[in-house]
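S.K.: Listed below, chain by chain, are the residues.
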Amino acid sequence: MNKEKKPTTYKFGTPPNLIRFLYPIFLIALLCLPSLGESNYDRRTAVVGVYDNPPKIFVSRSGKPAGIFIDIIEFIAEKEGWKLRYVTGTWAEGLSRLEKGEIDLLPDVAYTPEREEKFSFHKEPILSSWFQVYAPKGSGIKSIIDLNGKRVAVLERSVQHEAFKRLVENFGFSVTIIPIPNYNDLFQMVSRGEADAAVSHRFHAINYAKSFGLEDTAVIFNPTRLFFAGPKTGGKELLDTLDEYLSEMKKDPHSIYYQTLKRWTAEEIRFTFPEWAKTLGWILGSILLMSIIGIFILKHQLNIKTKELRQINQEMEKRIIKRTEELRVAMEKAQSADRLKSAFLATMSHELRTPLNSIIGFTGILLQGLAGPLNEEQHKQLSMVQSSARHLLALINDVLDISKIEAGQLTMSVKSFELRPVIEKAIKMVSPFAEKKGLNLIIEIDDRIGSITTDQRRLEQIILNLLNNAIKFTEKGKVRISCRAEDDHYLLSVSDTGIGIRANEIDQIFKPFHQIDTGLTRKYEGTGLGLSISKRLIEMMGGTIEVESEWGKGSIFTIRIPKKAKEFS
Amino acid sequence: MKETLLIIEDNEQNLYMMRFLLEKSGFTVISATNGREGIQMALHHKPRAILLDIQLPEMDRYEVARELKKHEELKGVPIIAVTSYAMPGDREKILAAGANGYIEKPIDPDTFVDEVRKYI
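Protein sequence lines, in the order shown, are assigned to chains S and W.
Residue numbers for the first sequence follow our numbering, so the first one is 272 and each next one is one higher.
Residue numbers for the second sequence follow our numbering, so the first one is 506 and each next one is one higher.
No wet-lab data here; the hints were simulated from the structure.
Note that CB positions come from ideal geometry on N, CA and C, so glycine has one too.
Careful: at least some of the hints might be erroneous.
30 Å max Cα-Cα, derived DSBU-like pairs, lysine-lysine [unchecked claim]:
1. S/Lys651 - W/Lys529
2. S/Lys389 - S/Lys335
3. W/Lys598 - S/Lys837
4. S/Lys696 - W/Lys623
5. S/Lys834 - W/Lys598
6. S/Lys749 - S/Lys699
7. S/Lys835 - W/Lys598
8. W/Lys574 - S/Lys686
9. W/Lys623 - S/Lys699
10. S/Lys350 - S/Lys522
11. S/Lys686 - W/Lys575
12. S/Lys782 - S/Lys708
13. S/Lys335 - S/Lys507
14. W/Lys623 - W/Lys598
15. S/Lys675 - W/Lys598
16. S/Lys335 - S/Lys533
17. S/Lys696 - W/Lys598
18. S/Lys686 - W/Lys623
19. S/Lys696 - W/Lys529
20. S/Lys749 - S/Lys708
21. S/Lys834 - S/Lys699
22. W/Lys598 - S/Lys686
23. S/Lys707 - S/Lys747
24. S/Lys675 - S/Lys699
25. S/Lys699 - W/Lys598
26. S/Lys421 - S/Lys408
27. W/Lys598 - S/Lys612
28. S/Lys743 - S/Lys696
29. S/Lys533 - S/Lys521
30. W/Lys529 - S/Lys699
31. S/Lys675 - S/Lys834
32. S/Lys686 - W/Lys580
33. S/Lys743 - S/Lys782
Ranges of calculated distance between the beta carbons of each label pair, as one might list FRET restraints [what the hints assert, rightly or not]:
34. W/Thr509 - S/Glu819: 55 to 65 Å
35. S/Glu819 - W/Lys623: 35 to 45 Å
36. W/Glu508 - S/Met700: 23 to 33 Å
37. S/Gly721 - W/Gly606: 16 to 26 Å
38. W/Asp615 - S/Pro692: 13 to 23 Å
39. W/His549 - S/Gly721: 39 to 49 Å
40. S/Glu821 - W/Glu568: 55 to 65 Å
Input sequences plus hints: build the corresponding full structure.
M.R.: So this is what it looks like as structure tokens:
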């Protein structure tokens with residue numbers, strides 16, 4: 272008995288400890304109940320029908336039954352100490368044997384109410400499946416409509432046989448149904464052209480459709496639950512035991528149930544990977560590999576570009592730095608050139624003026640007779656020397672002034688003083704020239720003229736310039752200087768009855784080196800800088816200069832001098 | 506008694522011109538051609554006034570003015586700067602350094618002596 276209980280088809284690893292523990296109890300129970308011995312022995316030999324429907328059930332190459340159902344029943348038999356005997360045949364034969372009670376269990380039977388009348392089923396399904404029509408690739412059979420007038424192979428006496436028949440009948444199609452006893456022959460018939468399509472369940476098709484050049488169609492029907500079926504009577508205990516095991520096995524993801532599903536579906540699929548799928552795999556793999564390589568190449572190129580960009584950037588930065596440096600140097604040069612220019616002008620004006628001052632001074636001494644009496648001709652000629660020297664000095668002074676203004680180096684020396692004496696001093700200086708020309712010099716200084724805060728010497732310079740101009744350009748008539756206070760500024764006007772300025776020249780007179788075209792060649796001496804200097808100076812004080820003139824009638828120059836000059840550094 | 510004036514001037518012609526005009530007007534004129542010498546002469550002779558040309562070499566003109574003003578015994582001696590107004594701010598600077606006034610170049614023989622007298 273011990274020998275009998277040894278596993279005969281042991282293949283699922285060592286039995287759990289529970290079983291080892293139960294062995295002695297079981298033995299004792301058997302010894303204690305000798306009367307039950309024979310019947311127990313009989314009941315513990317289960318006859319199982321085997322047919323060919325891989326991977327659910329089939330006979331392996333070594334001649335042993337195999338498949339999902341076999342794995343499960345052998346596991347349970349091992350646990351329960353059953354002996355299993357296999358009876359091999361076709362599906363239809365299996366059904367007949369079951370009907371006759373020749374076998375105890377037929378694997379992979381789809382439940383139908385009709386079948387329940389002939390057989391008994393346990394409750395926990397082993398598998399769920401459905402049926403689907405498979406047709407050769409490119410056959411054009413896609414849906415049920417395409418089956419009209421076609422030959423369809425189907426497993427003889429199977430659930431799908433009935434179901435498919437009903438299905439096409441319901442549609443009113445004329446389909447030639449070819450019953451085939453064996454699952455494996457179904458696809459072969461189609462591939463040989465003896466049928467146009469075949470009905471198969473998903474487990475079978477997963478593994479074999481592609482190897483026969485078939486593909487699935489949209490015709491899916493009859494979802495089924497697959498069980499072990501037993502004879503109508505006497506098999507209930509066996510089936511109940513199956514249910515107990517199945518419900519337990521389905522709860523445990525590592526159970527033999529799931530192991531066998533995995534083994535017979537996934538492994539077989541892998542085993543039967545069709546060539547084209549492998550090729551496709553290789554192609555996809557190659558594409559993936561090439562993509563990865565491509566990505567790396569792109570990344571590499573991107574890196575190169577990035578590097579290039581960075582280099583360009585750095586180069587640009589370098590260039591910018593270089594240019595900035597060049598600019599800085601240029602600016603420094605310009606600034607130093609400016610300083611040089613200023614220094615040059617200052618030095619030159621000093622160097623020029625020193626001898627000139629000497630000439631002017633000694634000429635004056637001689638003209639005064641301080642060094643002895645002069646005759647008339649000597650006096651006349653010395654006067655010319657003096658005049659020329661003075662003109663030269665005026666030129667030098669003006670050029671220096673305008674240069675300093677242009678260079679922004681002219682500084683204001685602002686202080687508070689009385690305005691009236693400044694005006695009177697200027698008048699006093701020019702009155703000899705006016706007298707000499709027989710001009711009437713009219714002075715109108717308002718009594719309310721008081722103090723002013725500005726650069727005194729520069730203001731004197733402006734007033735003198737205006738007065739000198741008026742006298743210079745007036746041959747007869749009068750020169751009038753007037754001054755009055757107005758709010759925060761003084762208004763000083765110098766008007767004359769001289770040659771005036773043409774309208775088109777009025778904009779030009781404040782520009783450097785401009786002397787109006789008098790129509791006569793250099794009749795009026797001067798540097799042409801006086802007015803432009805005056806304009807710049809009055810603006811620096813925060814004032815303005817304006818001119819009104821009529822050609823041939825005379826001019827009026829008006830300066831507006833703020834009582835408090837802007838502050839200058 | 507003739508009044509003594511000290512001229513500190515490096516330019517020979519200017520010195521000659523000023524000396525000529527001032528001596529004509531009855532002043533006694535002593536002169537120095539650099540700052541250091543000028544200060545020594547000022548301390549030694551205690552002139553009525555000092556005419557200081559501001560383009561002196563060696564010693565800075567402003568320095569000369571400041572140095573002169575430092576000495577107690579020269580406190581009452583006016584310093585008259587003779588300036589050509591070449592550089593901006595010169596006049597203000599020399600006044601700030603201690604000069605009592607200035608006479609502008611070119612020297613006008615008509616007015617020069619009168620201008621000097623104003624400070625005496």
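S.K.: The structure should be examined with respect to each hint, and the outcome stated for every one.
M.R.: Verification of the hints:
1. For the proposed pair lysine 651 of chain S and lysine 529 of chain W, the alpha carbon gap of about 24 Å is at most 30 Å, so the pair holds.
2. At most 30 Å may separate the alpha-carbon atoms for a hinted pair to count; lysine 389 of chain S and lysine 335 of chain S meet this at roughly 29 Å.
3. In summary, the hint linking lysine 598 of chain W to lysine 837 of chain S is supported, as the alpha carbons are separated by about 21 Å, within the 30 Å threshold.
4. At most 30 Å may separate the alpha-carbon atoms for a hinted pair to count; lysine 696 of chain S and lysine 623 of chain W meet this at roughly 17 Å.
5. Under the criterion of a C-alpha separation no larger than 30 Å, the hint pairing lysine 834 of chain S with lysine 598 of chain W is consistent with the structure, at around 25 Å.
6. Between the alpha carbons of lysine 749 of chain S and lysine 699 of chain S the distance comes to roughly 16 Å, so the proposed pair stays at or under 30 Å and holds.
7. Only pairs whose Cα atoms come within 30 Å are accepted, and lysine 835 of chain S paired with lysine 598 of chain W is accepted, the gap being roughly 23 Å.
8. Of the pairs offered as hints, the one joining lysine 574 of chain W and lysine 686 of chain S holds, with about 24 Å between alpha carbons and a cut-off of 30 Å not exceeded.
9. With a CA separation close to 19 Å, the supplied pair lysine 623 of chain W and lysine 699 of chain S stays within the 30 Å bound.
10. For the hint pairing lysine 350 of chain S with lysine 522 of chain S, the CA-to-CA distance comes to about 18 Å; that is within 30 Å, so the pair holds.
11. Taking the CA atoms of lysine 686 of chain S and lysine 575 of chain W, the gap is near 27 Å; set against the 30 Å cutoff, the hint holds.
12. Distance restraint check for lysine 782 of chain S and lysine 708 of chain S: the Cα-Cα separation of roughly 28 Å lies within the 30 Å cut-off, and the hinted pair is therefore satisfied.
13. About 27 Å separates the Cα atoms of lysine 335 of chain S and lysine 507 of chain S, which keeps this hinted pair within 30 Å; it holds.
14. Restraint check for lysine 623 of chain W and lysine 598 of chain W: satisfied, since their Cα atoms lie roughly 21 Å apart, inside the 30 Å limit.
15. Note on lysine 675 of chain S and lysine 598 of chain W: the hinted pairing holds, with a Cα-Cα distance of about 18 Å set against a maximum of 30 Å.
16. The hinted pair formed by lysine 335 of chain S and lysine 533 of chain S meets the criterion: a straight-line CA distance of about 20 Å does not exceed 30 Å.
17. Note on lysine 696 of chain S and lysine 598 of chain W: the hinted pairing holds, with a Cα-Cα distance of about 24 Å set against a maximum of 30 Å.
18. Between lysine 686 of chain S and lysine 623 of chain W the CA atoms are separated by roughly 22 Å; this keeps the pair inside 30 Å, and the hint holds.
19. Taken as a hint, the lysine 696 of chain S and lysine 529 of chain W pair is honoured in the structure, with Cα atoms around 28 Å apart against an allowance of 30 Å.
20. Between the alpha carbons of lysine 749 of chain S and lysine 708 of chain S the distance comes to roughly 10 Å, so the proposed pair stays at or under 30 Å and holds.
21. Pair hint lysine 834 of chain S plus lysine 699 of chain S holds up; C-alpha atoms about 23 Å apart against a cutoff of 30 Å.
22. The hinted pair formed by lysine 598 of chain W and lysine 686 of chain S meets the criterion: a straight-line CA distance of about 14 Å does not exceed 30 Å.
23. With a CA separation close to 11 Å, the supplied pair lysine 707 of chain S and lysine 747 of chain S stays within the 30 Å bound.
24. At most 30 Å may separate the alpha-carbon atoms for a hinted pair to count; lysine 675 of chain S and lysine 699 of chain S meet this at roughly 28 Å.
25. At roughly 29 Å between alpha-carbon atoms, lysine 699 of chain S and lysine 598 of chain W fall within 30 Å of each other, so this suggested pair holds.
26. For the hint linking lysine 421 of chain S to lysine 408 of chain S, the alpha-carbon distance of about 15 Å falls within 30 Å, and the restraint holds.
27. Simply put, lysine 598 of chain W and lysine 612 of chain S have alpha-carbon atoms about 22 Å apart, close enough for the 30 Å limit, and the pair holds.
28. For the suggested pair lysine 743 of chain S and lysine 696 of chain S, the alpha carbons sit about 18 Å apart, so the restraint of at most 30 Å is met.
29. Distance hint between lysine 533 of chain S and lysine 521 of chain S is fulfilled; the C-alpha atoms sit about 13 Å from each other, no more than 30 Å.
30. With a CA separation close to 27 Å, the supplied pair lysine 529 of chain W and lysine 699 of chain S stays within the 30 Å bound.
31. Restraint check: the Cα-Cα separation between lysine 675 of chain S and lysine 834 of chain S comes to about 25 Å, which is no more than 30 Å; the hinted pair holds.
32. Restraint check for lysine 686 of chain S and lysine 580 of chain W: the C-alpha separation of about 26 Å stays at or below 30 Å, so the hint holds.
33. Taken as a hint, the lysine 743 of chain S and lysine 782 of chain S pair is honoured in the structure, with Cα atoms around 19 Å apart against an allowance of 30 Å.
34. With their beta carbons about 57 Å apart, threonine 509 of chain W and glutamate 819 of chain S fall inside the hinted range of 55 to 65 Å.
35. Separation of glutamate 819 of chain S from lysine 623 of chain W is about 41 Å and conforms to the stated range, judged on CB atoms against 35 to 45 Å.
36. Between glutamate 508 of chain W and methionine 700 of chain S the Cβ separation comes to about 30 Å, which falls inside the hinted range of 23 to 33 Å.
37. The hinted range of 16 to 26 Å is satisfied by glycine 721 of chain S and glycine 606 of chain W, whose Cβ atoms lie roughly 25 Å apart.
38. Taken as a hint, the range 13 to 23 Å holds for the pair aspartate 615 of chain W and proline 692 of chain S, whose Cβ atoms sit roughly 20 Å apart.
39. Taking 39 to 49 Å as the suggested C-beta distance range, the pair histidine 549 of chain W and glycine 721 of chain S conforms, at roughly 48 Å.
40. The given range of 55 to 65 Å is respected by glutamate 821 of chain S and glutamate 568 of chain W, whose C-beta atoms sit roughly 57 Å from each other.
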